[in-house]
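> Can you make the complete structure from the sequences, with help from the hints?
Here are the chains, one letter per residue:
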Amino acid sequence: MLKVDNINVYYGNIHAIKDVSFEVNEGEIVTLIGANGAGKSTILKTISGLLRTKTGDVILKGESIKSVAPHKIVAKGLAHVPEGRRVFLAMSVEENLEMGAYTQPASSIAPNMQEVFQWFPRLKERRRQMAGTLSGGEQQMLAMGRAMMSGAKVLLLDEPSMGLSPLLVKEIFEIITELNKRGMTILLVEQNAQMALSVAQRAYVLETGRIIMQGSAAELLNDDSVRKAYLGA
Amino acid sequence: MSLISQIISQLVNGLQSGSIYALVALGYSMVYGIILLLNFAHGDIIMIGAYVVFYAMTSFSLPPLVAVLLAVIACTLLGALIEKVAYTPLRSAPRLSLLITAIGVSFLLENGAQLVFGAGAKNVPSFIDGGVQIGDVYLSYVSVVTILVSVASMVVLTFLVQKTKLGKAMRAVSEDMGAAQLMGISLNRTISFTFAVGSALAGIGSVLYICAYGQASPTMGSMLGLKAFVAAVLGGIGSIPGAMIGGFVIGLLEALVTAVGLSTWKDGVVFAVLIVVLLVKPTGILGRQITEKV
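Residue numbers (our numbering), protein chains in the order written: chain V, 4 to 236; chain C, 11 to 304.
Calculated from the structure, these hints are not laboratory results.
For glycine and all other residues, C-beta sits at the position ideal for the given N, C-alpha and C.
Accuracy of the hints is not assured; some may be wrong.
[What the hints assert, rightly or not] Derived CB-CB ranges, DEER-like:
no., chain 1, residue 1, chain 2, residue 2, range
1, V, Pro124, C, Ala282, 50 to 60 Å
2, C, Pro251, V, Leu170, 34 to 44 Å
3, V, Val71, C, Ser107, 50 to 60 Å
4, C, Thr168, V, Glu128, 21 to 31 Å
Here it is as structure tokens:
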């Protein structure tokens with residue numbers, strides 16, 4: 004479904020991502036775990052087109068998207084929920100969701116919004132409120148709902164648990180699992196490795212821009228070095 | 011003339027010039043809101059609009075309404091063209107390069123106009139004559155039309171920005187360019203659209219300016235542009251309602267200064283406002299200050 008093949012990404016002279024390759028199969032949840040600054044978000048931004056790779060390729064459904072403009076990648080069925088949510092604070096919940104459906108025909112907005120409201124009933128209650136007045140958890144729900152409005156088949160989630168209470172983290176991860184069960188392919192980036200490994204099927208461990216380990220989520224959960232470095236055990 | 015009617019006449023004068031400032035300030039503010047550029051060529055777009063009206067009416071003897079439409083269309087296209095040619099290639103350049111380029115475009119337009127149209131001012135035939143006497147207040151039709159057209163333009167603009175898909179995309183891009191792209195919004199299209207809308211408003215402003223002052227000259231845009239810029243800063247640059255308020259405030263302030271007999275100080279007072287705003291409240295009256303929740 005999504006294949007990242009030997010990418011190298013630079014910020015000016017800084018070599019941020021080094022020879023990274025991985026794959027996400029249709030219907031999978033794959034997680035990239037790693038410490039702050041390991042390059043997780045950089046990889047997601049490269050996939051969604053906000054950053055460019057110097058080498059290699061990014062392939063979505065068999066088609067290279069490494070030189071496609073970010074706004075056109077969305078239309079190909081890939082949505083990116085960025086780190087820190089980045090909802091439009093000065094726009095209402097409804098308007099944020101409409102923006103998520105920017106590439107979709109106007110007729111699909113109402114039914115898609117109803118579906119998002121079923122996933123996140125709290126957004127329905129607050130539909131006319133400015134996104135800037137929502138709590139962190141609600142903003143995360145809005146960011147995810149907004150991405151779902153695009154009709155995407157592949158979802159990139161960047162730190163959905165960041166800054167949320169344990170209860171909310173649990174709620175968000177239940178939704179991620181449920182979305183996946185209904186056919187959504189998900190690439191999940193998390194610092195909360197415990198949580199990420201518990202929902203993912205496979206995982207890659209990233210350290211200073213390089214993949215240093217990969218395997219099934221269960222394997223990595225029980226791996227001693229992973230437990231020491233990322234699970235605090 | 012009683013004091014009251016004098017106050018009313020000055021208010022009308024202030025609202026008239028204020029609405030022109032407001033229309034021009036909107037273009038500054040919208041463009042700043044979206045790409046953080048102080049587009050100093052914006053004032054000169056007005057000058058081009060004024061010449062279009064002049065030539066359409068004198069050389070081609072077109073009816074005023076057609077001349078007006080041509081001016082608005084010319085300004086819209088020119089604004090979008092400047093954006094494409096001068097600013098798009100600098101999308102990822104530092105902001106200072108953009109600013110310098112804007113000043114360069116401004117010089118190019120002013121000097122180009124001197125070359126093509128001549129350095130002297132052209133008298134544009136007036137096409138809104140007369141007025142109406144209410145008590146001892148004389149209301150010229152030009153003032154009435156100017157205020158009505160400006161307010162109507164602002165209503166249309168507000169609808170455009172609040173309710174239409176492109177308008178919402180504009181707001182999204184101006185708040186978070188990256189996130190907007192992730193929604194599938196094309197930056198280039200949205201930015202071009204913003205320039206086009208801002209320049210269309212400048213076109214309307216140029217026509218109203220000509221109605222009031224009856225002259226087109228190559229440098230007319232610079233003072234008008236600078237004052238509109240002050241209005242945009244006063245209202246809070248980047249804010250659309252702010253630009254409207256700022257425009258009217260500057261217009262009324264000028265009228266007030268004139269009314270107390272200090273008309274030669276008019277320009278100085280406007281720029282003093284800029285200094286005070288920058289010292290006291292740089293974000294202006296309605297400047298954006300959204301606290302981000304984490």
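> Hint by hint, note whether the structure agrees.
Quick rundown of the hints versus the structure:
Proline 124 of chain V and alanine 282 of chain C have their C-beta atoms about 55 Å apart, which keeps the hinted 50 to 60 Å range intact. Checking the proposed 34 to 44 Å range against proline 251 of chain C and leucine 170 of chain V shows it holds: the Cβ atoms sit about 40 Å from each other. Separated by about 27 Å at the C-beta atoms, valine 71 of chain V and serine 107 of chain C break the suggested range of 50 to 60 Å. Remark: the range hint 21 to 31 Å for threonine 168 of chain C to glutamate 128 of chain V is upheld by a beta-carbon distance near 28 Å.
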